[in-house]
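Novice: Listed below, chain by chain, are the residues.
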Amino acid sequence: MSIVLETKNLSKSFGGLKATDNVSFQLKAGARHALIGPNGAGKTTFVNLLSGVLQPSSGSIWLDGQDITNWTSRRRAISGLARTFQINQLFVDLTPLQTLMIAIAERQSSGAHLLHPVGSRKDHVEESVELLTRLGLADVMTQRVGSLPYGRQRLIEIALALAARPRVLLLDEPAAGVPESERGQILDVIDALPKDVALVLIEHDMDLVFRFAKSISVLVNGALFMEGTPSQIANDPRVRQVYLGEEEIAHV
Amino acid sequence: MSASHSAQDMQQTLLKQARWKWPEILFWLALASLYVLFPSKLSLLSEILILALLALSIDLVLGFAGIVTLGQGAFFGLGAYTAALMGKWGMGTAPLSDPLIGLIGAALVSGLVGFATSFLVLRGSDLTRLMVTLGVALMIEELANKLKWLTGGSDGLQGVLIAPILGNWDFDIFGKVSFVYCYVVVFVMFVIARQFMHAPFGLSLLAIKGNPLRARAIGLPVNERLVMVYTIAAMMAGVAGALLAQTTQFASLDMVAFHRSADALLILIFGGAGYLYGGFVGAFVFRVMQDVLGNITPQYWQFWLGIVLLLLVLFIRGGLLGLLRHLRDRYAPNLMGPPSSSRES
Amino acid sequence: MLTILFDGLAYGMLLFILAVGLCVTLGLMNFINLAHGAFAMAGGYVTALLMNRLGVSFYLCLPAAFLVCALIGVVLERTLYVRLYEKTHLEQVLFSIGLIFVAMASVDYFMGANPQNVILPAGLQGRIDLLGASVGIYRLFVIVICGLLAMGLQYALIHTRFGARLRAAVDDGRVARGMGIDVARIFTITFAIGSGLAGLGGALGTGILSIDPAFPLKYMILFLVVISVGGTSTITGPFFASILLGVADVTGKYFIPSIGGFIIYTIMVVVLILRPQGLFVRGGSK
Ligand SMILES: Nc1ncnc2c1ncn2[C@@H]1O[C@H](COP(=O)(O)OP(=O)(O)OP(=O)(O)O)[C@@H](O)[C@H]1O
Ligand SMILES: [Mg+2]
Chain P
1 MSIVLETKNL SKSFGGLKAT DNVSFQLKAG ARHALIGPNG AGKTTFVNLL SGVLQPSSGS
61 IWLDGQDITN WTSRRRAISG LARTFQINQL FVDLTPLQTL MIAIAERQSS GAHLLHPVGS
121 RKDHVEESVE LLTRLGLADV MTQRVGSLPY GRQRLIEIAL ALAARPRVLL LDEPAAGVPE
181 SERGQILDVI DALPKDVALV LIEHDMDLVF RFAKSISVLV NGALFMEGTP SQIANDPRVR
241 QVYLGEEEIA HV
Chain F
253 MSASHSAQDM QQTLLKQARW KWPEILFWLA LASLYVLFPS KLSLLSEILI LALLALSIDL
313 VLGFAGIVTL GQGAFFGLGA YTAALMGKWG MGTAPLSDPL IGLIGAALVS GLVGFATSFL
373 VLRGSDLTRL MVTLGVALMI EELANKLKWL TGGSDGLQGV LIAPILGNWD FDIFGKVSFV
433 YCYVVVFVMF VIARQFMHAP FGLSLLAIKG NPLRARAIGL PVNERLVMVY TIAAMMAGVA
493 GALLAQTTQF ASLDMVAFHR SADALLILIF GGAGYLYGGF VGAFVFRVMQ DVLGNITPQY
553 WQFWLGIVLL LLVLFIRGGL LGLLRHLRDR YAPNLMGPPS SSRES
Chain H
598 MLTILFDGLA YGMLLFILAV GLCVTLGLMN FINLAHGAFA MAGGYVTALL MNRLGVSFYL
658 CLPAAFLVCA LIGVVLERTL YVRLYEKTHL EQVLFSIGLI FVAMASVDYF MGANPQNVIL
718 PAGLQGRIDL LGASVGIYRL FVIVICGLLA MGLQYALIHT RFGARLRAAV DDGRVARGMG
778 IDVARIFTIT FAIGSGLAGL GGALGTGILS IDPAFPLKYM ILFLVVISVG GTSTITGPFF
838 ASILLGVADV TGKYFIPSIG GFIIYTIMVV VLILRPQGLF VRGGSK
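Chains as they are written, first to last, in my numbering: chain P, 1 to 252; chain F, 253 to 597; chain H, 598 to 883.
Bear in mind the hints are in silico, worked out from the structure with no lab data behind them.
There may be inaccurate statements among the hints.
In silico DSBU-like cross-links for lysine-lysine, where the CA-CA straight-line distance does not exceed 35 Å [stated by the list, open to error]:
hint	chain 1	residue 1	chain 2	residue 2
1	H	LYS684	F	LYS273
2	F	LYS340	F	LYS400
3	P	LYS8	P	LYS214
4	P	LYS18	P	LYS214
5	F	LYS293	H	LYS815
6	F	LYS428	F	LYS293
7	F	LYS461	F	LYS268
8	F	LYS461	H	LYS684
9	H	LYS850	F	LYS340
10	P	LYS8	P	LYS28
11	H	LYS684	H	LYS815
12	F	LYS428	F	LYS400
13	P	LYS214	P	LYS28
14	P	LYS28	P	LYS195
15	F	LYS340	F	LYS398
16	P	LYS8	P	LYS195
17	H	LYS850	F	LYS398
18	F	LYS461	F	LYS273
19	F	LYS461	H	LYS815
20	H	LYS850	F	LYS400
21	H	LYS815	H	LYS850
22	F	LYS461	P	LYS122
23	F	LYS461	P	LYS18
24	F	LYS293	F	LYS400
25	P	LYS18	P	LYS28
26	H	LYS815	F	LYS398
27	P	LYS122	F	LYS268
28	F	LYS268	H	LYS684
29	P	LYS122	F	LYS273
30	P	LYS18	P	LYS8
31	H	LYS815	F	LYS340
32	F	LYS340	F	LYS428
33	H	LYS815	F	LYS400
With the rest of the complex left out, here is chain P (with noise of 0.2 Å):
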């Protein structure tokens, strides 16, 4: 299968800290993958760095076979590559079929659009309301997004990715303080997600990593530790030592 999204030794700094180092890595199209690691391994850093958030200190971010290391976001994004934020970055003040309408007017280049108000393209509000009936969201169309609960919030991250037809989709904990009720619902949709879409997941769940993943990069203190198949994760005594509790693998 053919590489759609790779690094080449890519690094990032801040001061003295290492927070990503090093790293080559490599996404085949459609891929179902998992990248895990304690808390502060440099996961979030390592998706700023391929979304353009941040710029790498050194290293290269290659997406179809094209440089695009010094690409700005938007450039990234409209060649299909999406992310969700860890911590929820969405249009507080708008709602959810306004915030998806803007989304998809960028995707077809329509946003700077002068003279027609907000709704006159009906495939666009089409695909919207059909996105969001996807997540499970069509009762709350017309709310305020910053007045949803949180579970919700977060459907609305992965819709506005989804939004961008995205070939390959960085998922930053997206179940992340997520009330176990409304977990399911999240999982639900990554699972329905399509095919063709390659997929990163960075979750500290175990349950759901083996759920999901077929394939798992581990990253401690900014490196690649160890990539492999679940059970090989699963199984290597040294990643049970720097990151899984024995008791978590034990019903694996």
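Add chains F and H with the ligands to chain P, keeping to what the hints say.
Specialist: Same frame as chain P, but now just chains F and H with the ligands:
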């Protein structure tokens, strides 16, 4: 099938926000009726309209895109000088002295300078932006002061002659034609601003204001949009300045002065930013207050303006319109349709 | 030539004393008090009133101005400003403009719009020769006092316990709080000292600056330039910025009077553009 049905509803919900509502229509009719009700106050009314247009231009930048500016008065002044100079050079005859061509000239000059300086406000915190816009405005003010041969310096620009509007209506001393002219121009500008802000462009500005990080992450060209709105707003401020210069047949340093930027900003915040009408409400209250209190003593006016500002910041966050909306949502939620939550600032 | 430089130096030193409180409080709380100039104006008026109405000596007026303004500072900080720290910069700016208006109108109402004149003590009048240049004794006095104050402030900042706490709080308020430093208290004290210094500067400057109701607005812009050029994380930054500004302003007005103010605004914009984060490392994240 139910999904497509609901899509239709949602489309209606979205489109409804852009539709003209009754209170708006009443507002503009009431504004027009002032012509009949207060024939002796027409020049004050024209001035209020002009001030409101300036505040509206700040609203686009601040209320929608979230960029604070203390320098909008510079574009106002540029527009005023452009229109005045065109009137002077045209010696009262078309094309140069034609008022509409003057408006276009003013919009172009202000827009050009706005475009050139827009790149300075793309980065930085609120405070940096305040200082940069203020600095640019002060430079332009200083320039107007120093280019005496062009602007007349502190004496102002004399000998401004404006041709009749559309070759037909001459400005009269009672300010009747001026008021109608201002009303029509300000209304047209308002309609344009309203259209832009209800279009995807305006919504994308709200996204930028709400969360620029996320806006970039979904592929929104943040800088491009900011340059665009800043330029549009500068053009609008230029038109406002041109209106003042044309109706008073005069341009002076006072029209580029810092206090105009500050006043307009206060007016907008006072009326409420992000509603498009905040500038109008604010301008009315501001100018009427100024007229009443300023007549007692000028210090009174300044003192009470200061007090109002203090109270405004401490107690009413969204300005007068914010207060109204708050009261409405609380006591009569269905009066004007669903609150467009987006316009909350 | 030297004389002009000297005048510029005196003016710059004075600016520093006037502005230093604003810079430090901005760095400390990310709070912008544009009404800072009103304290300086108050200092000027205290001096004028004491000297002209009560015949108090100029030298006694200086500490009096400091104390009065520091007191006003504490009261305002505890009652009004404390509500503003969580607000946006725009709101802080509007609020301080409101305060400026109230202060200006009140002063105008009670004292009239004319600038206040004071007659400097005989000891400060006249000129002496220094390094071959003829310099005003009063200006020399201003330079010496301001210079001593600046050194004292720097010393206090580096070598006292309070200074260390203050630096920690400016560096990272959250960490400082975590270490048990009472940042709010430090802020109140700093605010008081800053206001007092502004008042002292206003008093000291009665012979150089024009003490009138428009004072706060006029100097607000100069303060902003000092902040933008000097930054807010040290006091040496504002110090050199003030000197630079003072000298540039005085020499600029002397040699190229036609573009005097223009230079200053250009400096400000250029610096802000070239080093926007550099100057507001601490304030920029808002
Ligand atoms: N902007 C920044 N400036 C300085 N240090 C940072 C910055 N962002 C992250 N770090 C540091 O880099 C390291 C990696 O952080 P990162 O957020 O990438 O970890 P993570 O693996 O996502 O952790 P978590 O599981 O808690 O989300 C941490 O030590 C963090 O403190
Ligand atoms: Mg993380």
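Novice: Take the hints in turn and mark each one as holding or not.
Specialist: Here is what the structure says about each hint:
In summary, the hint linking LYS684 (chain H) to LYS273 (chain F) is supported, as the alpha carbons are separated by about 33 Å, within the 35 Å threshold. Between LYS340 (chain F) and LYS400 (chain F) the alpha-carbon distance is near 15 Å, which keeps this suggested pair within the 35 Å criterion. At most 35 Å may separate the alpha-carbon atoms for a hinted pair to count; LYS8 (chain P) and LYS214 (chain P) meet this at roughly 22 Å. Using a Cα cut-off of 35 Å, the hinted pair LYS18 (chain P) and LYS214 (chain P) holds, with the two alpha carbons roughly 28 Å apart.
The hinted pair formed by LYS293 (chain F) and LYS815 (chain H) meets the criterion: a straight-line CA distance of about 34 Å does not exceed 35 Å. Only pairs whose Cα atoms come within 35 Å are accepted, and LYS428 (chain F) paired with LYS293 (chain F) is accepted, the gap being roughly 10 Å. The straight-line distance between the Cα atoms of LYS461 (chain F) and LYS268 (chain F) is roughly 23 Å, inside the 35 Å bound, and the hint therefore holds. Of the pairs offered as hints, the one joining LYS461 (chain F) and LYS684 (chain H) holds, with about 16 Å between alpha carbons and a cut-off of 35 Å not exceeded.
For the proposed pair LYS850 (chain H) and LYS340 (chain F), the alpha carbon gap of about 32 Å is at most 35 Å, so the pair holds. Of the supplied pair hints, the one linking LYS8 (chain P) and LYS28 (chain P) holds, its CA atoms being roughly 15 Å apart against a limit of 35 Å. Distance check on the hinted pair: LYS684 (chain H) and LYS815 (chain H) sit about 25 Å apart at the alpha-carbon level, within 35 Å; holds. Straight-line distance between C-alpha atoms of LYS428 (chain F) and LYS400 (chain F) comes to about 33 Å, which keeps the hinted pair within the 35 Å bound.
Of the supplied pair hints, the one linking LYS214 (chain P) and LYS28 (chain P) holds, its CA atoms being roughly 11 Å apart against a limit of 35 Å. Between LYS28 (chain P) and LYS195 (chain P) the alpha-carbon distance is near 12 Å, which keeps this suggested pair within the 35 Å criterion. A hinted pair counts as satisfied when its Cα atoms are at most 35 Å apart, and LYS340 (chain F) with LYS398 (chain F) qualifies at roughly 19 Å. The hinted pair formed by LYS8 (chain P) and LYS195 (chain P) meets the criterion: a straight-line CA distance of about 26 Å does not exceed 35 Å.
Restraint check for LYS850 (chain H) and LYS398 (chain F): the C-alpha separation of about 13 Å stays at or below 35 Å, so the hint holds. Of the pairs offered as hints, the one joining LYS461 (chain F) and LYS273 (chain F) holds, with about 25 Å between alpha carbons and a cut-off of 35 Å not exceeded. Distance hint between LYS461 (chain F) and LYS815 (chain H) is fulfilled; the C-alpha atoms sit about 32 Å from each other, no more than 35 Å. Pair hint LYS850 (chain H) plus LYS400 (chain F) holds up; C-alpha atoms about 18 Å apart against a cutoff of 35 Å.
Under the criterion of a C-alpha separation no larger than 35 Å, the hint pairing LYS815 (chain H) with LYS850 (chain H) is consistent with the structure, at around 16 Å. Using a Cα cut-off of 35 Å, the hinted pair LYS461 (chain F) and LYS122 (chain P) holds, with the two alpha carbons roughly 26 Å apart. In summary, the hint linking LYS461 (chain F) to LYS18 (chain P) is supported, as the alpha carbons are separated by about 33 Å, within the 35 Å threshold. For the hint pairing LYS293 (chain F) with LYS400 (chain F), the CA-to-CA distance comes to about 34 Å; that is within 35 Å, so the pair holds.
Restraint check for LYS18 (chain P) and LYS28 (chain P): the C-alpha separation of about 26 Å stays at or below 35 Å, so the hint holds. Taking the CA atoms of LYS815 (chain H) and LYS398 (chain F), the gap is about 19 Å. The hint holds against a cut of 35 Å. The straight-line distance between the Cα atoms of LYS122 (chain P) and LYS268 (chain F) is roughly 14 Å, inside the 35 Å bound, and the hint therefore holds. Between LYS268 (chain F) and LYS684 (chain H) the alpha-carbon distance is near 34 Å, which keeps this suggested pair within the 35 Å criterion.
Distance check on the hinted pair: LYS122 (chain P) and LYS273 (chain F) sit about 22 Å apart at the alpha-carbon level, within 35 Å; holds. Restraint check for LYS18 (chain P) and LYS8 (chain P): the C-alpha separation of about 16 Å stays at or below 35 Å, so the hint holds. A threshold of 35 Å between alpha carbons decides the hint, and for LYS815 (chain H) with LYS340 (chain F) the separation of about 33 Å falls inside it, so the pair holds. For the given pair, LYS340 (chain F) sits about 22 Å from LYS428 (chain F) by alpha-carbon distance, which is consistent with the 35 Å threshold.
Proposed proximity of LYS815 (chain H) and LYS400 (chain F) is supported: the alpha carbons are some 23 Å apart, at most 35 Å.
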